[in-house]
Amino acid sequence: MAAASTQDADAMHHFDIRDPTSMNSKVLSLAGTPAASPLGYFSWTFGQGARDPYYIMVIIYVFYPYFSNTVVDDPVKGQALIGYITAAAGFVLALTAPFLGAIADKDGRRKPWVVGTVLVMTIGAFSLWFIEPKGQGLSLGMSLAILFVIKICFTISEVFHNAMLPSIAPMNRIGVISGLAFSLGNVGGLMLMLFVLVAFSLPGTQPWAFLPEVPLFGIDQAAHEHDRI
0 MAAASTQDAD
10 AMHHFDIRDP
20 TSMNSKVLSL
30 AGTPAASPLG
40 YFSWTFGQGA
50 RDPYYIMVII
60 YVFYPYFSNT
70 VVDDPVKGQA
80 LIGYITAAAG
90 FVLALTAPFL
100 GAIADKDGRR
110 KPWVVGTVLV
120 MTIGAFSLWF
130 IEPKGQGLSL
140 GMSLAILFVI
150 KICFTISEVF
160 HNAMLPSIAP
170 MNRIGVISGL
180 AFSLGNVGGL
190 MLMLFVLVAF
200 SLPGTQPWAF
210 LPEVPLFGID
220 QAAHEHDRI
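Numbering-wise, my numbering puts 196 at position 197 of the sequence shown, and it's gapless, one number per residue.
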């Protein structure tokens with residue numbers, strides 16, 4: 000028994016997470032569990048890369064400015080309304096995020112939460128098409144409710160998505176994987192922005208040779224369809 004214990008202790012002493020041949024070829028994650036395969040943790044990075052362009056396009060550059068300036072038709076009032084829904088979402092998340100984080104750590108089932116919140120976000124993003132200029136389409140109250148729900152779901156998806164990283168990434172690569180996910184999100188957002196500009200926003204407004212003569216897919220710039228798509 001003493002000899003066996005000594006052998007186990009020696010094995011643990013010589014274990015190196017950077018050596019895939021040690022400890023039965025199991026590389027440990029920051030959580031102390033076997034890390035996911037490269038396919039697993041690179042899939043995690045692409046998950047963030049697919050989600051972050053929403054924030055870049057909708058919240059920062061395209062839809063929120065369109066909502067303030069064109070839907071509300073009053074930039075000051077529009078920015079105030081956006082501030083209200085952002086503050087309300089922040090208040091709700093401040094109350095719920097600690098509990099959601101505890102659920103993520105204790106239950107360990109994070110993918111269903113990510114899938115569920117992203118599904119709601121997707122439905123909400125499709126609904127943005129129907130928020131038309133100057134009160135046409137969906138009502139102002141319904142529009143604000145949609146933006147509020149999407150904001151909540153986006154942040155909850157972040158909580159559970161980020162909670163997955165310590166248990167899937169090898170301990171010595173967690174910084175690289177996290178940085179790659181952040182980079183993919185920004186690159187994806189930039190590429191999507193360039194596509195929208197070239198395909199929908201700039202045709203017919205600039206004489207540049209590389210632009211189509213008219214917006215693709217029959218997009219109507221006068222109806223701000225390029226801002227809603």
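Some clues are possibly wrong.
Label-pair ranges, simulated between beta-carbon atoms [what the hints assert, rightly or not]: (1) TYR54 x TRP128: 34 to 42 Å; (2) TYR54 x GLY31: 40 to 48 Å; (3) ASN68 x GLY39: 37 to 45 Å; (4) LEU118 x TYR83: 36 to 44 Å; (5) GLY115 x THR32: 34 to 42 Å; (6) LEU189 x LEU38: 23 to 31 Å; (7) MET170 x ALA221: 33 to 41 Å; (8) ASN171 x ALA87: 20 to 28 Å.
Derived by calculation from the structure, the hints in this document are not laboratory data. All of these numbers come straight from a predicted model, not from anything done at the bench. We treat Cβ as the ideally placed atom computed from N, Cα and C, and that holds for glycine.
Now the hints, each set against the structure:
no.: 1; hint: TYR54 x TRP128: 34 to 42 Å; result: 18 Å, violated
no.: 2; hint: TYR54 x GLY31: 40 to 48 Å; result: 32 Å, violated
no.: 3; hint: ASN68 x GLY39: 37 to 45 Å; result: 43 Å, holds
no.: 4; hint: LEU118 x TYR83: 36 to 44 Å; result: 26 Å, violated
no.: 5; hint: GLY115 x THR32: 34 to 42 Å; result: 24 Å, violated
no.: 6; hint: LEU189 x LEU38: 23 to 31 Å; result: 26 Å, holds
no.: 7; hint: MET170 x ALA221: 33 to 41 Å; result: 55 Å, violated
no.: 8; hint: ASN171 x ALA87: 20 to 28 Å; result: 41 Å, violated
When each numbered hint is compared with the structure, violations occur for hints 1, 2, 4, 5, 7 and 8.
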